[in-house]
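Fit chain B to the known structure of chain A by using the hints.
Quick mapping for you: the protein sequence lines, in order, are chains A and B.
Using the working numbering, the first residue of the first sequence is number 1, and each one after it goes up by one.
Using the working numbering, the first residue of the second sequence is number 329, and each one after it goes up by one.
Don't take each hint at face value.
Facing chain A, according to a computed beta carbon distance under 7 Å, are these residues of chain B, among others [said to hold, decoys possible]:
#1 M437
#2 Q472
#3 R475
Derived pair list, reagent style DMTMM-like, types lysine to aspartate or glutamate, alpha-carbon separation capped at 25 Å [to be verified]:
#4 B:K517 / A:D322
#5 B:K364 / A:D322
#6 B:K510 / A:D136
#7 B:K537 / A:D225
#8 B:K364 / A:E237
#9 A:K134 / B:E354
#10 B:K465 / A:E237
#11 A:K134 / B:D399
#12 A:K3 / B:E542
#13 B:K537 / A:D322
No lab work stands behind these hints: they were computed from the structure.
Every residue, glycine too, gets a C-beta built ideally from N, C-alpha and C.
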Amino acid sequence: MRKFVIKRLAISVVILFFVAVIIYTIMRCMPSSFVENMAREKASLPGGKSYNEWLAQLNKSYGLDKGIIAGFLQWLGQALKGNFGDSWEFNIPVTEKFMEVIWDSFVLGAISFILEIAIAIPLGIAAARKQYSKSDYAISVFALIGISLPSFFFASVLKYVFAIKLEWFELFGMIGRHYEQLSTFGKFLDRASHLVLPIITLVIVNIGSLMRYTRTNMLEVLNSDYIRTARAKGLSEKRVINYHAFRNTLIPIVTIIGGSLPALFSGAMITETLFQIEGIGYTSYQAMTTGDIPFSMFYLIFMAMLILLGNFIADILYAVVDPRVRVN
Amino acid sequence: MALIKKKKAKDANYISAKESRKISNENRKITNEIEKQRNRKNVPREEYITEMKDPNNVVEFDDLHTYFFTDIGTVKAVDGVSFNIPQGTTVGVVGESGCGKSVTSLSLMQLVQRPQGQIVKGSIRLNTGKEVYDIAKTPSSEMQKLRGNTVSMIFQEPMTSLNPVFRIGVQLDEVIALHNKKMSKEDVKNRSIEMLELVGIANSKGVYKMYPHELSGGMRQRIMIAMGLACNPRLIIADEPTTALDVTIQAQILELLRNLKDKINSSIMLITHDLGVIAEMADYVVVMYAGRIVERGTAKEIFDNPSHPYTIGLMNSKPVVGKKVDRLYSIPGKVPNPIDMPNYCYFRDRCEKSVEECAGAYPHEIYLSATHAVSCYLFNDKKGAVGNGR
Numbered sequence: 001m002r003k004f005v006i007k008r009l010a011i012s013v014v015i016l017f018f019v020a021v022i023i024y025t026i027m028r029c030m031p032s033s034f035v036e037n038m039a040r041e042k043a044s045l046p047g048g049k050s051y052n053e054w055l056a057q058l059n060k061s062y063g064l065d066k067g068i069i070a071g072f073l074q075w076l077g078q079a080l081k082g083n084f085g086d087s088w089e090f091n092i093p094v095t096e097k098f099m100e101v102i103w104d105s106f107v108l109g110a111i112s113f114i115l116e117i118a119i120a121i122p123l124g125i126a127a128a129r130k131q132y133s134k135s136d137y138a139i140s141v142f143a144l145i146g147i148s149l150p151s152f153f154f155a156s157v158l159k160y161v162f163a164i165k166l167e168w169f170e171l172f173g174m175i176g177r178h179y180e181q182l183s184t185f186g187k188f189l190d191r192a193s194h195l196v197l198p199i200i201t202l203v204i205v206n207i208g209s210l211m212r213y214t215r216t217n218m219l220e221v222l223n224s225d226y227i228r229t230a231r232a233k234g235l236s237e238k239r240v241i242n243y244h245a246f247r248n249t250l251i252p253i254v255t256i257i258g259g260s261l262p263a264l265f266s267g268a269m270i271t272e273t274l275f276q277i278e279g280i281g282y283t284s285y286q287a288m289t290t291g292d293i294p295f296s297m298f299y300l301i302f303m304a305m306l307i308l309l310g311n312f313i314a315d316i317l318y319a320v321v322d323p324r325v326r327v328n
Numbered sequence: 329m330a331l332i333k334k335k336k337a338k339d340a341n342y343i344s345a346k347e348s349r350k351i352s353n354e355n356r357k358i359t360n361e362i363e364k365q366r367n368r369k370n371v372p373r374e375e376y377i378t379e380m381k382d383p384n385n386v387v388e389f390d391d392l393h394t395y396f397f398t399d400i401g402t403v404k405a406v407d408g409v410s411f412n413i414p415q416g417t418t419v420g421v422v423g424e425s426g427c428g429k430s431v432t433s434l435s436l437m438q439l440v441q442r443p444q445g446q447i448v449k450g451s452i453r454l455n456t457g458k459e460v461y462d463i464a465k466t467p468s469s470e471m472q473k474l475r476g477n478t479v480s481m482i483f484q485e486p487m488t489s490l491n492p493v494f495r496i497g498v499q500l501d502e503v504i505a506l507h508n509k510k511m512s513k514e515d516v517k518n519r520s521i522e523m524l525e526l527v528g529i530a531n532s533k534g535v536y537k538m539y540p541h542e543l544s545g546g547m548r549q550r551i552m553i554a555m556g557l558a559c560n561p562r563l564i565i566a567d568e569p570t571t572a573l574d575v576t577i578q579a580q581i582l583e584l585l586r587n588l589k590d591k592i593n594s595s596i597m598l599i600t601h602d603l604g605v606i607a608e609m610a611d612y613v614v615v616m617y618a619g620r621i622v623e624r625g626t627a628k629e630i631f632d633n634p635s636h637p638y639t640i641g642l643m644n645s646k647p648v649v650g651k652k653v654d655r656l657y658s659i660p661g662k663v664p665n666p667i668d669m670p671n672y673c674y675f676r677d678r679c680e681k682s683v684e685e686c687a688g689a690y691p692h693e694i695y696l697s698a699t700h701a702v703s704c705y706l707f708n709d710k711k712g713a714v715g716n717g718r
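Next up, chain A with everything else stripped away, as it sits in the complex (with noise of 0.2 Å):
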C-alpha cells in the first residue's frame, strides 16, 4: 500500500510539471495580452511615450521581456517557494484573491454536490428496479432534460419564473439590499435564500448522468448471477437490492464521485457568472480574459493538483468497495 501511494505520489509529480508547462505556454501564447491592453491604454493617453515605448517599459516590468522556457523556469522558482505573486488584474497576491473568492464557490459547489448525490442514487436505482415502468420512464425523461438544457437557459427560466414573476427569490447576487441592517440570523437566511436558484441550477444540469449512470449500473448488477443467487435464498427484495446489489453498484459509482471532487472547488463559471456569484469561477473566467498569468497559473494548476488527487481518491475507495482490487 505504503508503495502504490508513493508511485502514484511520484507520477502526480511529473504530470503536474508538465501540465504547468503547457498551461504556461498557452497563456503567453493567448493573443489577448494584458500587457498590451495596459500599454493601449496609458499611450492613448495625452502626452507621455508612444504605445510601443509603453510596450516594451510594461513588458520589462511584468518579466514578459524574457522567453517563454525562462519565463517559466522563473515562475516555476517562485512557485516552489510558495510565492505565486501578485494578481495583475487585482492587484493583490493571488492567494489573497483566491481564499477570498472560494468558499462561495465550495459552499455552492458541496450543497449541489451532496443533493445531486442524495437525489440521483436513489432515482436511478428506482428506475432500474422497475425497468420500463411508467416510473423508469418519468426518471428517465427527466435526467435527459437535465442533460440536455444548457445551464444558461435553465437559469434564465428560473430567474424569470422565480424571480422576476414570483418574486420569491432576488434576481442575483450573493446578499440582499438590507444585509448589514440583518441579525446573525437574518444575514445568514439572506445569503441561503440568494444560493437557492443557483444552486437549483447546478443541481438539475448534473443530476442528469449520475442518474443514468446508477441506472445503467442498477441493471447490470441486477441480471448477474449472484442477484440470482440472493433471490434463491429466499431474501426479500428490499434486501436483495439495498443490499446485495447496492454493494456492487456503488464500485463504479465511487471512481465517478471521486472524480468529480475536484468539481467542488472549480466553481461553476456560467452559473456563477449568471447569478453574479463572485467565486472562483466568475474570477478565474475574469483573469483568463483579461490575460492575467500568475492568477491563470495558480488557478489551472490548483485544478490540475484537485483532479490528480480525485483519481487518487477514486483509485483507494474503489479498493475499499471492491475487495477484487485491494492491494496487499
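Just chain B, lined up with the frame of chain A:
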C-alpha cells in the same frame, strides 16, 4: 452459410416496427394482468395450499406452461410439462441448450425473469412435509420462506454466482440466519463452518473469511452446494452443477452431491446435458425437447431402451469407451425457433425416422411401461405400447 440462411428465414423472423409495437402492447396487457393478480396483498391461503396426488412425491409438475412475452412474439419456453419427483430420488432432466430445462426449474423457484416470463397455466405442487404449496399461485412473500429452505438451487456458473464483494462467511451465514431466526450468531457461524467441512473444504475457518475471488471454480461450487444444503432442503435443484468445472472436479462434486443427498434424505432435480452424469446419478430421467417432454422413465429404461428418436440421437452423440468411431454422431439441424411453434411433433424436421403420420397433431404420451412414456407416432400401434396416456 449464415447469410443464406438469414435470407431464407427472413420472412419467418422479420417483423415490422408496427407489428412489434402491437405485440408489445398486447404483451403488456397480458403481463400487467398476471402481475396484478400476483401482487395482490393478503392472498387467502386456500388459493395456494393444495393436496398432492401422491404424498410420496416432493414435487409434481402438472401441465406447466411458462411463457416469455417478448417483443417479437410469445416464446413457449415450457409448454405442458408434467412429471413427478419422488422423495429421496434423483431425477435427471436432459436436453439440448434452450429446450426449457432451466426454465422448468426456475419456475419451481419462482425465479423466472418477470414480468416478461410468466407461468400461464398448470401447477407445480411442492410438498414441504407439512403443507402442499402450489408454486404457480404462491405469493412472493410466502415463496421467500420456501426458497433456500425447502427448495434450494445450485447454479451452473460458480464463478459468477457468488457475490464478489462479500466474504464467504457472510453469504453463508445470511441464508442460515434467514431461515433459522432463533439461532444465535455464534450458532450460525458454527453451522456455516460445519457446512464448509461437510462439502469437503479442509481449511474451513480460513475460507469462512475469504472473498469469492480467492477461491477456485471447484471451491466456489462447493460453497454454492454448502449454501444450498445449509437448511436441509427437501429438494435440491442442481442446474448443470458441473458444466463449468473440469472433469476431475466434476466427479468429486457429483460424489459429494450424492453422499449429501443420502445424508439429509432429500431429492435432487439434476439438470444437465451430459448423459454420463445422468447415468451415474439419476433414478428417473426426463428428456425434454423444445419445451416439452418427449420421453421419460427410469434411468434403466431410458438407457437400455431409448425410444424417442431424439433420445436415441442424444445417446449416439455421446462418446462411448471402447467403441471406435470416425466421427461422433450429431443430430442434424438445431432446435426450432421457439416463436410460433407448429402443431406437429417439434422434432419432425430433424428426425431420421419420421413417417407420414408425423404431419399430424403433436403426439400424445404413449406408455411403454408403467413408468416409461414417450411422445412419438412410431409407437402408436406397436406392441410395446401399454396404452395411450390420458
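Hints and how they fare:
1. Nearest Cβ of chain A to the Cβ of M437 (chain B): about 6 Å, under the 7 Å cut. The hint holds.
2. The interface hint given for Q472 (chain B) is met, as the beta carbon of that residue sits about 5 Å from the closest beta carbon of chain A, less than 7 Å.
3. The restraint placing R475 (chain B) at the interface with chain A holds, with a minimum CB-CB distance near 4 Å, inside the 7 Å limit.
4. As the CA atoms of K517 (chain B) and D322 (chain A) are separated by approximately 24 Å, the hinted pair is consistent with the 25 Å bound.
5. The suggested pairing of K364 (chain B) with D322 (chain A) is violated, with an alpha-carbon distance near 38 Å, which exceeds 25 Å.
6. Restraint check for K510 (chain B) and D136 (chain A): the C-alpha separation of about 39 Å exceeds 25 Å, so the hint is violated.
7. In summary, the hint linking K537 (chain B) to D225 (chain A) is supported, as the alpha carbons are separated by about 22 Å, within the 25 Å threshold.
8. A distance of roughly 17 Å separates the Cα atoms of K364 (chain B) and E237 (chain A); the hinted pair therefore holds under the 25 Å criterion.
9. Under the criterion of a C-alpha separation no larger than 25 Å, the hint pairing K134 (chain A) with E354 (chain B) is consistent with the structure, at around 16 Å.
10. For the suggested pair K465 (chain B) and E237 (chain A), the alpha carbons sit about 18 Å apart, so the restraint of at most 25 Å is met.
11. As the CA atoms of K134 (chain A) and D399 (chain B) are separated by approximately 18 Å, the hinted pair is consistent with the 25 Å bound.
12. Simply put, K3 (chain A) and E542 (chain B) have alpha-carbon atoms about 23 Å apart, close enough for the 25 Å limit, and the pair holds.
13. Annotation: proposed proximity of K537 (chain B) to D322 (chain A) holds, straight-line Cα distance about 15 Å (limit 25 Å).
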